[in-house]
Amino acid sequence: MGTDLSFKKGILLVSLFFNLVSLKAQMGKKEMDDNVLVEFGISYMLPKAYGDNFLSQGYDIRNGINVDGRILVAPKWFVGAQWSQFKGDVIDMEKVGAIEKSGITHIYAVATYTILGNDKQVSVRTGFGAGYVLYRHKQSTTKFMDDGFSVAANLALCYRFSNSLGVFVKLEHYWDFLNIDTAPELETFFRNAQIFAPSIGIKVYTF
Amino acid sequence: MGVYLVCMNKNGFILLFAFIACSCELSYEDNRRLSIMGQVKAFENESLPNFPVEAYASGEFIKSILFLPGLTPTQEDVDLIGASSSTPEGNYGVTTISPENQEFIYLIINGKENRDYVDDWPTLAVKGINSLPLNGSRYEIPTVAIGRIEDARFEIHRTTNTQDTLVYLLQYDSSIKEINVDPSFVGNKNWEMEIGGELMPLEVENVVSLKIPEGDTIRFYYSLINDGILTEENIKIPYNLETNGYRFEF
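Heads up: the sequence lines are chains A and B, in that order.
Just so you know, we're using this note's numbering here: the first sequence kicks off at 1 and counts up by one.
Just so you know, we're using this note's numbering here: the second sequence kicks off at 1001 and counts up by one.
Heads up, a few of these hints could be off.
Said to hold, decoys possible - The following residues of chain A were derived to be distant from chain B, with all beta-carbon distances above 10 Å:
{"id": "1", "residue": "D60"}
{"id": "2", "residue": "K76"}
{"id": "3", "residue": "A98"}
{"id": "4", "residue": "I115"}
{"id": "5", "residue": "T126"}
{"id": "6", "residue": "S140"}
To be verified - Listed next, with one range per pair, are the computed distances between beta-carbon atoms:
{"id": "7", "chain 1": "B", "residue 1": "S1184", "chain 2": "A", "residue 2": "W175", "range": "41 to 51 Å"}
{"id": "8", "chain 1": "A", "residue 1": "Q57", "chain 2": "B", "residue 2": "D1116", "range": "12 to 22 Å"}
{"id": "9", "chain 1": "B", "residue 1": "I1195", "chain 2": "A", "residue 2": "T141", "range": "41 to 51 Å"}
{"id": "10", "chain 1": "B", "residue 1": "M1037", "chain 2": "A", "residue 2": "Q57", "range": "16 to 26 Å"}
{"id": "11", "chain 1": "A", "residue 1": "H173", "chain 2": "B", "residue 2": "N1190", "range": "52 to 62 Å"}
{"id": "12", "chain 1": "B", "residue 1": "R1153", "chain 2": "A", "residue 2": "E185", "range": "37 to 47 Å"}
{"id": "13", "chain 1": "A", "residue 1": "W175", "chain 2": "B", "residue 2": "E1060", "range": "38 to 48 Å"}
{"id": "14", "chain 1": "A", "residue 1": "I71", "chain 2": "B", "residue 2": "N1050", "range": "49 to 59 Å"}
{"id": "15", "chain 1": "B", "residue 1": "H1157", "chain 2": "A", "residue 2": "Q57", "range": "53 to 63 Å"}
{"id": "16", "chain 1": "A", "residue 1": "D52", "chain 2": "B", "residue 2": "E1103", "range": "43 to 53 Å"}
{"id": "17", "chain 1": "B", "residue 1": "E1029", "chain 2": "A", "residue 2": "I71", "range": "33 to 43 Å"}
Unchecked claim - Partial list, derived from the structure: chain A residues whose beta carbon lies under 8 Å from chain B:
{"id": "18", "residue": "D52"}
{"id": "19", "residue": "E94"}
{"id": "20", "residue": "V151"}
{"id": "21", "residue": "N179"}
{"id": "22", "residue": "D181"}
{"id": "23", "residue": "T182"}
No lab work stands behind these hints, which were simulated from the structure alone.
Predicted model, so just to flag it, every value in this text is computed and none were measured.
Here a beta-carbon is modelled for each residue, glycine too, at the ideal position from N, C-alpha and C.
Use the sequences and the hints to build the structure in full.
Below is the structure:
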């Protein structure tokens, strides 16, 4: 229930951000240096699992953090790395076993394409990431983990208010493919997880 | 986890110093979940309430930082590893995390400490699960019987034997029933209740009142005594639906 509320608040924030950026863009465009070489971003994310899987049915997922760094490799193309982390409290032991809580980390190699150019105050980007996901579980006093392969896709709207600083919102989706061995009837339930994770953050540009 | 250091001096004396770096406890396999499936079956196939089903792992572990072989005491570590509930047909499936250093895995069905405990039904402790074959991360538990706890009578009647004294011991489960599903288990069952008594030669009957899960079998140990033990036997007496109880004649 708490997660649903904060997720809705997050969506509201993202919508507000889009409206503000759109309004600002209409008021006048300011030319920016277009030779951005590297950019770093940090954002506050509001992940939400869905579908018929252990994460959506057994966890109350908390908000998390997303950090990324990218370098320009070709006009409009960036490559880099992304790290994100959030936690979840088990609310239905029947679905996941006797786990108290879990920390979920995604690490990706990412490629990003800029739909609107870097010289614009407002830019829109889409990206794809492939990498590793780690679920670290805490059971009473003992810890163990699950891990696997993960891919991500995102769409981001960035607003630069100076040459070196900007804000952005990102709509991201994670697909986790875990290496969990279990009974055949539970394999699909435990091996796949889908997470939709909108986030809002700041970006630093270097030249 | 421990580090063992063995030292030998010039005279050939061996000293063993064993230290462990941390205390030991139950630990769990990465990337693994177990499924424990089974069925509880009611007497006369009646519909059942939804019983809470809990799976536990346990083991004995050294808890001291300094480990001296044979001297350091151990302590039992018990963890809940999964929980579920049964259907009205009695089917249950518990998804659990996977212990890797346990001695026992067992189920508690309708445990009294559980908030979903169903009154008037016994608690079943299903032991020996980890001795069953693990097929594709799944334990399949044999069907176990459960019955509502009812008042019943155990009647002892003297019919043909008129001169011997009967000394008896009734063993049965009332609110807690222990079931060992280990096919190689040969130990004695732990009975929850025991009632003993005797019937002297001039007495023709004795009636014992019991609270027992409907349909359960009673273990009856008896001796016939007359200047020494003449007969000694340990038998099972099944529930008799018509008399709502148990009967022994001699």
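Verification of the hints:
no., hint, verdict
1, D60, "holds, 17 Å"
2, K76, "holds, 39 Å"
3, A98, "violated, 5 Å"
4, I115, "holds, 38 Å"
5, T126, "holds, 32 Å"
6, S140, "violated, 6 Å"
7, B/S1184 / A/W175: 41 to 51 Å, "holds, 45 Å"
8, A/Q57 / B/D1116: 12 to 22 Å, "holds, 19 Å"
9, B/I1195 / A/T141: 41 to 51 Å, "holds, 42 Å"
10, B/M1037 / A/Q57: 16 to 26 Å, "holds, 19 Å"
11, A/H173 / B/N1190: 52 to 62 Å, "holds, 55 Å"
12, B/R1153 / A/E185: 37 to 47 Å, "holds, 45 Å"
13, A/W175 / B/E1060: 38 to 48 Å, "holds, 43 Å"
14, A/I71 / B/N1050: 49 to 59 Å, "holds, 58 Å"
15, B/H1157 / A/Q57: 53 to 63 Å, "holds, 58 Å"
16, A/D52 / B/E1103: 43 to 53 Å, "violated, 35 Å"
17, B/E1029 / A/I71: 33 to 43 Å, "holds, 40 Å"
18, D52, "violated, 14 Å"
19, E94, "holds, 5 Å"
20, V151, "violated, 19 Å"
21, N179, "holds, 5 Å"
22, D181, "holds, 5 Å"
23, T182, "holds, 4 Å"
Hints 3, 6, 16, 18 and 20 from the earlier list are contradicted by this structure; the remaining hints agree with it.
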